[in-house]
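**Student:** What follows is each chain in one-letter form.
Protein chains: 2
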Amino acid sequence: MTTHDRTKRHPLWTTPAVEALRTTTHTKVSEIDTKATPGFAGNKADGEYMLEERGAVLSALQEMLYANGRSGDKRSVLLILQGMDTAGKGGMVRHVIGQVDPQGVDHTAFGVPTPEEKRHHYLWRINKALPRGGQLGVFDRSHYEDVLVVRVHNLVPPEVWSGRYQEINQFERELVYNGTTLVKVAMFVSLDEQKRRLAERLERRDKHWKYNPDDVTERSLWPQYQEAYQAMLDKTSTDHAPWYVVPCDRKWYSRIAVTELLIDALSRLELDWPPAEYDIEVEKQRLARS
Amino acid sequence: MTTHDRTKRHPLWTTPAVEALRTTTHTKVSEIDTKATPGFAGNKADGEYMLEERGAVLSALQEMLYANGRSGDKRSVLLILQGMDTAGKGGMVRHVIGQVDPQGVDHTAFGVPTPEEKRHHYLWRINKALPRGGQLGVFDRSHYEDVLVVRVHNLVPPEVWSGRYQEINQFERELVYNGTTLVKVAMFVSLDEQKRRLAERLERRDKHWKYNPDDVTERSLWPQYQEAYQAMLDKTSTDHAPWYVVPCDRKWYSRIAVTELLIDALSRLELDWPPAEYDIEVEKQRLARS
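Order-wise, the sequence lines are chains A and G.
In this note's numbering, each residue carries its 1-based index in the first sequence increased by 1.
In this note's numbering, each residue carries its 1-based index in the second sequence increased by 1.
Next comes chain A alone, as it looks inside the complex (with noise of 0.2 angstroms):
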């Protein structure tokens, strides 16, 4: 398979998914169709025959970063994953990076800061989960948290979260100037949904571990949220780290999308087999005597 085989778009995919997807000056946040399937023109169906299809593309790329990492690339490839409860963060690591070998995987979920990690700065904890070279990172949940949540429930002075914007942009330009391409994905349910899946948690015995009653809670800031979610965009989205706006609602639809959002930060790194590093005919023959 060449990279021309596996960057080759699906006819199903009108748009590209990253040209679909990004985010521009004018995404307005209140406005986000979270139904719409931006760029796939496939139903139900055909999303999930895309997923297995495409897995397997993104699986063999995996495979060459994780191969091109063994052998002393630096680079690596950062997934970062923020969105309101319930948009699916969990379902996008079970079922996309499912997908890949786990031995290449990086995967750091970030909650409420520890005591330890709160008398740290905000990116301390951040620093020590980024993935080595070779290694596709996943975080679910980031730095962003401190300008979400932080944000709107107060837990810095203004004055100190509008600041970190900036410091943000630059943290991520000294990340990718170091070799990691990263793909922020900013996941949306509409606030119905987010409530039938809530209730779903509540019916099914399986799922009462996943409901949390400060979800509800949550759902009374909506518009602050929508606000500071706004200004993450509008503020954080850059030419070296792009947002990918993903509407959620339907499932199949964002494990796809940022399937191909992964496919399309791979083939960027133009990857092929890294060169033995020693002589193939000497190493044969001493094989053969061994």
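Treat the hints as calculated values from the structure; they're not laboratory data.
On a predicted model such as this, the values are computed, not experimentally measured, just so you know.
Be a bit skeptical, because a hint or two may be false.
One copy or two, it doesn't matter: identical chains are merged, so the pair holds either way.
Said to hold, decoys possible - Okay, derived cross-link-like pairs now, BS3-like style, lysine-lysine, Cα gap no bigger than 30 angstroms in a straight line:
no., residue 1, residue 2
1, Lys211, Lys75
2, Lys196, Lys285
3, Lys129, Lys75
4, Lys285, Lys208
5, Lys252, Lys285
6, Lys129, Lys211
7, Lys129, Lys119
8, Lys208, Lys75
9, Lys196, Lys36
Let chain A serve as the given structure and place chain G on it in line with the hints.
**Tutor:** Structure of chain G alone, referenced to chain A:
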């Protein structure tokens, strides 16, 4: 699916893997039939079908472990993979662990100790990588390197490595006491099969990166390694943390065998979905009003 269904033995398993593979005082490393499929009466096609079928069972159990971990359960499962080069440790991770949710997997590959690791006790890096409650930890190599390669290459004097067996037993007893179920898997290939696999790495461009000239050097030390593996099995297979000896010339067999060992370990935890830590009816009303 009840616990009973999950643990019900498939007719092709004439003896459960935990029984067929558990090392005994009679196990002789030099006499292991690495082509054998202990306990399993099927062929490769049966094995491939079974990997998928039982992988789904493993995945369901792992999700329940993860759910309990999120609800405060401190228990975890740790798979330890030891084996000579080409035994298939990486493929085991990819094909067995790759079947479960990456969110619940904590994978660590231990290589040659870094300068920092060398300045610490050999269990320092192990302690840092232990799975937290609810996680399925995976060690690709482990503290057993410190009584295998270290012993064979005299990296420390005999009086040092000889004391480690007892120390490891005590260390693992503590882990088990604290809620970690250890699944220790010793993977064996024959010298001939290793040669074939190394030759393939030299033949295939997409496998050159997996080949290391040192692997051939190590082949000349095969008897010393067999002796070190024998001592490891004899001295560190305990009631709280037994070793399982898995023949690995047939990859499909080794993968279904380890899948069964993990299913057994998880089943013994007798997990159920964690109960709601809130009043379900109250929350339904709160949600409806939100």
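**Student:** Compare the structure with each hint and give your call.
**Tutor:** Consistency of the hints with the structure:
Within a single copy, Lys211 and Lys75 get their C-alpha atoms only as close as 37 angstroms, which misses the 30 angstroms cut-off; across copies the closest is 18 angstroms, which meets it. Proximity of Lys196 to Lys285 under the C-alpha cut-off of 30 angstroms is restricted to the inter-copy arrangement: shortest distance 10 angstroms between copies versus 63 angstroms within a copy. Proximity of Lys129 and Lys75 under a CA criterion of 30 angstroms is satisfied in both settings, with 16 angstroms inside one chain copy and 23 angstroms between copies. Proximity of Lys285 and Lys208 under a CA criterion of 30 angstroms is satisfied inter-copy only: 14 angstroms between copies versus 55 angstroms inside one chain copy.
For the identical chains of this complex, Lys252 and Lys285 are inter-copy neighbours only, at 24 angstroms across copies versus 50 angstroms inside a copy, given an alpha-carbon limit of 30 angstroms. With identical chains, the CA atoms of Lys129 and Lys211 are at most 30 angstroms apart both within one copy (27 angstroms) and between copies (28 angstroms). Taking identical chains as interchangeable, the C-alpha atoms of Lys129 and Lys119 lie at most 30 angstroms apart whether they share a chain (14 angstroms) or sit on different chains (21 angstroms). For a Cα distance limit of 30 angstroms, the shortest separation of Lys208 from Lys75 across copies, 20 angstroms, qualifies, whereas the shortest one inside one copy, 40 angstroms, does not.
In this assembly of identical chains, the alpha carbons of Lys196 and Lys36 lie at most 30 angstroms apart only when taken from the same copy (15 angstroms versus 55 angstroms across copies).
Taken one by one, the earlier hints all hold for this structure without exception.
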